Amino acid sequence: MLGVASRYHGTGGSGWAVPTRRRDRLVSLASDAESIPGPKDSIDDQIKKFANKGLSIEDLVTLVGGHTIGTAGCVTFSDRLYNYNNTNAPDPAIDQGFLLHLQTLCPLSGDLTRRVALDTNSENNFDNSFYENIRRGRGVLESDSKLWSDPRTQKFAQPFIGASRSHGSTFNKMFAIAMVKMSKIELKTGNQGEIRRVCNRIN
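For the sequence shown, the positions run 1 to 203 when UniProt numbering is used.
You can take every hint at face value.
With a cut-off of at most 16 Å between alpha-carbon atoms, the simulated EDC-like pairs for lysine to aspartate or glutamate come out as follows:
1. Lys-48 x Asp-150
2. Lys-48 x Glu-58
3. Lys-173 x Glu-58
4. Lys-40 x Asp-79
5. Lys-155 x Glu-132
If you anchor each label on the Cβ, the simulated ranges turn out as follows:
6. Arg-115 x Ala-93: 14 to 24 Å
7. Pro-159 x Asp-44: 15 to 25 Å
8. Phe-98 x Gln-158: 16 to 26 Å
These are calculated hints, taken from the structure and not from any lab test. For clarity, every value in this text was computed on a predicted model and none was experimentally measured. Each residue gets a CB set at the ideal place from its N, CA and C atoms; glycine is no exception.
Work the whole structure out from these sequences, hints included.
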């Protein structure tokens, strides 16, 4: 949580108060990763996974906007470029110019570990351009691109789109609110877990 807040603030986002003294579990389970939305998840699956954690569709759309400063390996989306759903053709939802760009970065027999920015031309700035990119068919991950094609999520992405300062401010404000809400998922009380001295390891 602190790491995300620091990275967010250091790339142009406004800061927010991070709740402290959270109690965390003493063990990490590989099965927990199954509750995290994957790069190929449908909107139904994404909504369900967020709902299971008490998060709304608006929270989903807002938090995925964090991809404005993220990257992904070619392996997570290369099928969209060459063999989408076993059709031997690219995903038709991808803008043609952007498709050529991605194919150049991730050639068919290339290095699948290569990292690609999820928010083209703005990967070092925390801003609302991610939403404009998915509107234009320039979303890298299939799960991201679907946020615009589904009306349930599009209605929450739409207000973040625009060049004016107010659109960016709206996204920054909503992202901070959603991050604080996410930090309160499955809070432990009493003697459950521990308050970690270092966030990424047990005491």
